Amino acid sequence: MSELARLLVLALAVLAVATLVGRILRRVVARGAPHPVIDDLNARIASWWVMVALLAAAFAIGPGGVIALFALLSMLALREYASITYTRRGDHFALALGFFVAIPAQYGLVALGWYGLYSILIPVYAFLLLPIASALRGDPTRFLRRVAATQWGLMLCVYGLSHVPALLTLEIPGFEARGMLLVAFVLIVVQASDVLQYVWGKLVGGPKLAPTLSPSKTVSGLVGGIASATALGAMLWWLTPFGAWTAAGMALLVAALGAAGGLVMSAIKRDHGIKDWGHLIPGHGGVLDRLDSVVFAAPVFFHLTRYLYT
Amino acid sequence: MNEIVFRLLLGALWLLTGVRGEWTGAAPAMRQRIYFANHRSHADALLIAAALPPAIRRTTRPVAARDYWQRSAVRRFLAHRVIHALLIDRDPATRREDPIAAMRAALDAGASLILFPEGTRNDREDEPLLPFRSGLWHLARTRPDVELVPCWITNVGRILPKGELLPLPLLCTVRFGPALEAEAGEAKEAFLARARAGLLALRGDDGPESTR
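Top line first, the protein sequences correspond to chains R and D. Under numbering that gives the first Met the number 0, the first residue of the first sequence carries the number 0, and numbering increases by one thereafter. Under numbering that gives the first Met the number 0, the first residue of the second sequence carries the number 0, and numbering increases by one thereafter.
Isolated chain R, as found in the complex (with noise of 0.2 Å):
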């Protein structure tokens, strides 16, 4: 059985068992009454069938339905964050850019494995062009802080996102073809320490870690849930060409960042009066509640590999 085969039988698994698990809280703890806590768990779960099921797909087809994917979140993602900042029709050229322009061009230069062009795409030519547009159209309203806004989107909507199919594009010596592997360990590797943070927190409790940004994270869940994130990451190591001891460093690293990425996220969201930063995933909101702490993780991820590796 290939590796990735192996990997979806045991997401399967890992999710009956999370299913199971949802039912009995549902029937013996809440005895079948509505209760919040139980309700959005067992809608968390619901989801990470689709969400499963969605990237099964994607690997299935192949490189490129992973770029596809990921253009598709890409797009999304800066839909929900567009949706909440502070621009105006200045910055409406801009934004088609952003949305029309930058997406297709980002992932399409993944597809062809330009590391040198979409390495700094959006932090150089977005980021001295975008500004221009909204320049020509004459309207200095809260200039620095619209273009910043804008520019702060696309950083992590599109670049910070890309850098999860771009490790398909890495040529390490004795891991050939095996990008697909790398991207299924660092996928798994930070949504294991969310949903662990999230398992550690519900079950340890404690003091909040911080209650200004959000109301939810525990000091127990980040330990916890990093620390097992850590653990798993070791124990998956035959995903990547790291042994296990590396590949438990770079668990360990990819899931800080992911969870310090949370709470930047959660400081934008808080600052501007929302909870979730969308609808489309019942139980988790939206595409960039999902993904926040993947783009955070993914860069860095992504640059150490190719440091080391290649």
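Derived, one-sided and incomplete: chain D residues facing chain R with beta-carbon distance under 7 Å:
| id | residue |
| --- | --- |
| 1 | 124 |
| 2 | 154 |
| 3 | 160 |
| 4 | 163 |
| 5 | 165 |
| 6 | 167 |
| 7 | 168 |
| 8 | 169 |
| 9 | 170 |
Read the hints as simulated data drawn from the structure, not as lab findings. This one's a predicted model, so the numbers in the text were calculated from it and none came from an experiment. Virtual Cβ for every residue (Gly too), placed ideally from N, Cα, C.
We have chain R; now place chain D onto it with these hints.
Using the frame of chain R, we list chain D on its own:
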């Protein structure tokens, strides 16, 4: 067939905007209502229709400008056959039918209405809501049993502002607020100011429409 066209339109609108209803003050109900909303685009009536549960949507008619919706065969088809708009003449100089009488007749026939009390699309970037025209007051006074529910549509002015070519994909939410309470003996200006404040209150302090 027309129902299919309606569904396709709403589906396309959902793909672009992910439109959803947020019932913050009123609950969806099969009772007769006037949904009054801010107006920034030609898609506003469709967005509110999309946010309403299908059973309510089928008994709700948007009030729209005859001069705009009669201009081409496609618009006429959409207005009459698909969204069942109640077309009114906005120009007092040339009109043959009193808009208030037409709206009252539609209410008496059992329909709920979607009304844009600003009377025109608001193209002013820094003006969230134009002053209300008096139609809402005339309807409230003579049909006191009909509930007046404010609906604030978020983001819609940002998707395709006048003069732009490409629509941006941005999320739209239709917030349904608490129905306006009747107050005995209230003057027209006071009533309209209260209705306008009730709608503006749904906008919230945050988000891209504020100047914070």
